[in-house]
Amino acid sequence: MFWIDTSFSRSNSSDYFGANQRFTFQTTYEANENLKGVLRFRINNDWGVGKNENDYSYGGSIGTNGKSIGVRYAYIDWIVPNTSINVRMGLQQFAFPGFVADSAILDSNATGITVNTPINDTIGVTTWWIRPYEGKNKSTMDTVGLSIPCTYNGLSITPWGVYGRIGKNVFNLQKQFGQPDQLLFPFIWTPTGTQLLKEHANIWWLGFTGMYKFEIPFSIAWDFNYGNQSSNTKKFNRSGWYAALLAQYQFTGVTPGILGWYTTGDKDNLSNGSKRMPTYDSNWTGTSMGFDGYWQDRGTGASIAGNDPTGTWGIAGQLMDISFIEKLKHNLRLAWYQGTNNKEIAKQYALFAALPNSGLSRNGFLTPNGLYLTKKDSVLELNINSFYKIYENLMVGLELNWMHLKLDKKIWNSHDTKSNAYRFICTLRYTF
Numbered sequence: 007m008f009w010i011d012t013s014f015s016r017s018n019s020s021d022y023f024g025a026n027q028r029f030t031f032q033t034t035y036e037a038n039e040n041l042k043g044v045l046r047f048r049i050n051n052d053w054g055v056g057k058n059e060n061d062y063s064y065g066g067s068i069g070t071n072g073k074s075i076g077v078r079y080a081y082i083d084w085i086v087p088n089t090s091i092n093v094r095m096g097l098q099q100f101a102f103p104g105f106v107a108d109s110a111i112l113d114s115n116a117t118g119i120t121v122n123t124p125i126n127d128t129i130g131v132t133t134w135w136i137r138p139y140e141g142k143n144k145s146t147m148d149t150v151g152l153s154i155p156c157t158y159n160g161l162s163i164t165p166w167g168v169y170g171r172i173g174k175n176v177f178n179l180q181k182q183f184g185q186p187d188q189l190l191f192p193f194i195w196t197p198t199g200t201q202l203l204k205e206h207a208n209i210w211w212l213g214f215t216g217m218y219k220f221e222i223p224f225s226i227a228w229d230f231n232y233g234n235q236s237s238n239t240k241k242f243n244r245s246g247w248y249a250a251l252l253a254q255y256q257f258t259g260v261t262p263g264i265l266g267w268y269t270t271g272d273k274d275n276l277s278n279g280s281k282r283m284p285t286y287d288s289n290w291t292g293t294s295m296g297f298d299g300y301w302q303d304r305g306t307g308a309s310i311a312g313n314d315p316t317g318t319w320g321i322a323g324q325l326m327d328i329s330f331i332e333k334l335k336h337n338l339r340l341a342w343y344q345g346t347n348n349k350e351i352a353k354q355y356a357l358f359a360a361l362p363n364s365g366l367s368r369n370g371f372l373t374p375n376g377l378y379l380t381k382k383d384s385v386l387e388l389n390i391n392s393f394y395k396i397y398e399n400l401m402v403g404l405e406l407n408w409m410h411l412k413l414d415k416k417i418w419n420s421h422d423t424k425s426n427a428y429r430f431i432c433t434l435r436y437t438f
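Residue numbers in the sequence shown follow the numbering used here, run continuously in steps of one, and reach 438 at the last position.
Hints are supplied without guarantee of correctness; some may be wrong.
Simulated restraints, written as ranges between beta carbons of each label pair [what the hints assert, rightly or not]: (1) Lys381 to Phe31: 42 to 48 Å; (2) Phe31 to Pro87: 29 to 35 Å; (3) Asn208 to Trp342: 35 to 41 Å; (4) Leu152 to Trp53: 25 to 31 Å; (5) Pro223 to Gly167: 48 to 54 Å; (6) Ser329 to Cys432: 15 to 21 Å; (7) Thr117 to Leu152: 15 to 21 Å.
With a cut-off of at most 25 Å between alpha-carbon atoms, the simulated PhoX-like pairs for lysine-lysine come out as follows [to be verified]: (8) Lys335 to Lys219; (9) Lys349 to Lys241; (10) Lys241 to Lys273; (11) Lys273 to Lys240; (12) Lys381 to Lys416; (13) Lys349 to Lys416; (14) Lys174 to Lys240; (15) Lys273 to Lys412; (16) Lys273 to Lys395; (17) Lys415 to Lys381; (18) Lys395 to Lys240; (19) Lys382 to Lys333; (20) Lys335 to Lys382; (21) Lys333 to Lys395; (22) Lys412 to Lys349; (23) Lys349 to Lys240; (24) Lys412 to Lys381; (25) Lys424 to Lys381; (26) Lys424 to Lys382; (27) Lys273 to Lys349.
Hints were generated in silico from the structure; no laboratory data involved. As the structure is a computational prediction, the values presented were derived from the model and not from experiment. From the three backbone atoms N, C-alpha and C, an ideal C-beta is built for every residue, glycine too.
Throw the hints in and build the complete structure from the sequences for me.
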């Protein structure tokens, strides 16, 4: 059950109480220790919602028999005979390496092949091919990647790289293939469906991530990513970087930590493309309301700032796994973050939003991909999340989240904006 208000609007409040449910079922067909198949289904239902052609989470109204089932995983996993090489083929989970707050680029299910093998006790190699999109005209996007995870005496590091080739007709937004808008176009152009790439493009990322655990219960984790997408049309190009650091000290009953991050933002001229790092379908867990660090499985009312931190920088202090009573724990986090986008972009956005059928909010800071924050805009966010284990397989979670948005009125010139948003979620989770 949830009670949320995330509109930031005085005249169009989204103060809303509702309930939904999710059922995830996974079965493993194991022939032997070297061969297995995995199939995972997911069923979403919004209580009281009948048929909704634009969403798969219907089927929750009285008398409804909704078609709300989806396939999450469908793959085979096998070991090459007489080797330690593991191969996974099919629809599976792909995540680029990330030690601080999971991946800021890709963490989602997709179709492809993963191959990994240990080289020795401290070094391994993982390589993959992903086909995230294919257009109806057989124009495709393909990416290949390589990561080298290394561990030694408390130190874990993973250098990695990815290269992709984008077909010229893949990102026709009118056909709505996945989330290509986040990946390809400069952030401000993405939602309209009128700005289409009609040529091939190249995309690549490099990353260096790691963690060091000291002999005392203290650890430092870091992520650094750089991404670039280029084509002959300059305004559609993207390039940028992301860096994050997390320091934690584990006490009995609480783990305090400090998280900091910085990402590049858009410059002052859209015709030169975007300086925000391109992303696939990320799952950055820096906070539980602004980003994807929520516990409630469907993230209702979350990811307000976006699924990734691009175009922002910030710092968060947190107290994790607070536990003074058996079976009860709490996570507390206070975060402040600010935009790294140039204010001139906001002015161009306002002109763009005024176009007929643009699909953009006149409150320009609220874009379909999350808050668009300039260097003059900031957010203060508080997360108070508690979890109680009722039985071994039954847990209840309570997420109390609040955000205060501070906008530069000279930039956005919106008299309808209110500053506060909240997200109250109560979830009952049964696992078996």
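Okay, the hints, checked on the actual structure:
no., hint, result
1, Lys381 to Phe31: 42 to 48 Å, "47 Å, holds"
2, Phe31 to Pro87: 29 to 35 Å, "31 Å, holds"
3, Asn208 to Trp342: 35 to 41 Å, "36 Å, holds"
4, Leu152 to Trp53: 25 to 31 Å, "45 Å, violated"
5, Pro223 to Gly167: 48 to 54 Å, "33 Å, violated"
6, Ser329 to Cys432: 15 to 21 Å, "20 Å, holds"
7, Thr117 to Leu152: 15 to 21 Å, "19 Å, holds"
8, Lys335 to Lys219, "23 Å, holds"
9, Lys349 to Lys241, "18 Å, holds"
10, Lys241 to Lys273, "12 Å, holds"
11, Lys273 to Lys240, "14 Å, holds"
12, Lys381 to Lys416, "13 Å, holds"
13, Lys349 to Lys416, "10 Å, holds"
14, Lys174 to Lys240, "15 Å, holds"
15, Lys273 to Lys412, "21 Å, holds"
16, Lys273 to Lys395, "48 Å, violated"
17, Lys415 to Lys381, "13 Å, holds"
18, Lys395 to Lys240, "53 Å, violated"
19, Lys382 to Lys333, "43 Å, violated"
20, Lys335 to Lys382, "37 Å, violated"
21, Lys333 to Lys395, "5 Å, holds"
22, Lys412 to Lys349, "14 Å, holds"
23, Lys349 to Lys240, "21 Å, holds"
24, Lys412 to Lys381, "11 Å, holds"
25, Lys424 to Lys381, "19 Å, holds"
26, Lys424 to Lys382, "17 Å, holds"
27, Lys273 to Lys349, "9 Å, holds"
Violated hints, listed in ascending order, are 4, 5, 16, 18, 19 and 20; each of the other numbered hints is respected by the structure.
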